[in-house]
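2 protein chains.
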Amino acid sequence: MRRLGDGVEAALHCAVILAALPRNKVLSGRDLAALHGLSESYLLKHLRALTAAAVTEALPGPRGGYRLARRADEISMLDVVEAIDGPGPAYVCREIRQKGDVTTNAPCAYKADCFIKRRMLAAEKLWRDALRSQTLKDLLGDGEVEIGDHNKQAVEEFIGDKQR
Amino acid sequence: MRRLGDGVEAALHCAVILAALPRNKVLSGRDLAALHGLSESYLLKHLRALTAAAVTEALPGPRGGYRLARRADEISMLDVVEAIDGPGPAYVCREIRQKGDVTTNAPCAYKADCFIKRRMLAAEKLWRDALRSQTLKDLLGDGEVEIGDHNKQAVEEFIGDKQR
Chain A
-14 MRRLGDGVEA ALHCAVILAA LPRNKVLSGR DLAALHGLSE SYLLKHLRAL TAAAVTEALP
46 GPRGGYRLAR RADEISMLDV VEAIDGPGPA YVCREIRQKG DVTTNAPCAY KADCFIKRRM
106 LAAEKLWRDA LRSQTLKDLL GDGEVEIGDH NKQAVEEFIG DKQR
Chain B
-14 MRRLGDGVEA ALHCAVILAA LPRNKVLSGR DLAALHGLSE SYLLKHLRAL TAAAVTEALP
46 GPRGGYRLAR RADEISMLDV VEAIDGPGPA YVCREIRQKG DVTTNAPCAY KADCFIKRRM
106 LAAEKLWRDA LRSQTLKDLL GDGEVEIGDH NKQAVEEFIG DKQR
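From first to last, the protein sequence lines stand for chains A and B. Numbering-wise, the working numbering puts 97 at position 112 of the first sequence, and it's gapless, one number per residue. Numbering-wise, the working numbering puts 66 at position 81 of the second sequence, and it's gapless, one number per residue.
The hints are simulated quantities; they were obtained by calculation from the structure and are not laboratory data. Heads up, none of these hints are tricks.
Identical copies go unnamed one by one, so any copy, or any two together, can satisfy a pair.
Calculated cross-link-like contacts (lysine-lysine; reagent style BS3-like; alpha-carbon spacing at most 25 Å):
id : residue 1 : residue 2
1  : K137      : K96
2  : K147      : K30
3  : K110      : K122
4  : K122      : K137
5  : K122      : K96
Based on the provided sequences and hints, a complete structural model is requested.
Structure (structure tokens):
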């Protein structure tokens, strides 16, 4: 599999942080960047992609920032990943089975999808379905269990301090 | 998911054709290219990648060509895909959870893999496992059932004529 877009990790981490915000509160791109040790300009590009995909909403102005566009249990990991990398298939069939001068060019000979395409798309459907079945709420639950007390408290204080 | 390498379709189709060759016979890159309507120089790049990954063997010389390096039931679809795109993970975790000045930098706080990484790798494992469980022999079987008589005969004649 090709390496996913560079911003996928940042987008997932930011989405989880936004999922932990109280309703109607926002965090600025600058604060989200500082929390993850990322440059603001780098992160803004990916936050814009999340907003364009309706995963996040951007509130403009000096007191503006980002919040989730839907509830955490209504945003899947796939929503976040596809916001960065797009929803297209990984395997793109260019129908080379029909090319060349050996096989026929009659379209009726190719009514069914190529079996290679079918198997390739079935495999990537497993990946897509798995990510579609997991939401930001599941990730929040992981964090509850897995993040140590020190870090949990540090992030909670940061969010409490920076939210607008 | 990012779009797979451009050569994956060609590599899979060529691998199936080579799986249909009698043992110890080869087909030239030129003939494999002609069969699929591809330029020889384009295809040679991908045939070299298949050979580098020990999916195919290249016999040099004017009567040389390509054959499978193992039996068709010993070469998975994943072997072919990874020959073109590499075996690396799609999701690369750069540990941004440890970056920034909010969370601790103490390594002991990050002994377990990040839960986002775990879920992302588990999803792509489904894709990888699915492709690993399907071999060129399975694709040959598809072809037996699904390719129409005209094309099946045309390809068989081409292979019979061009094999060396």
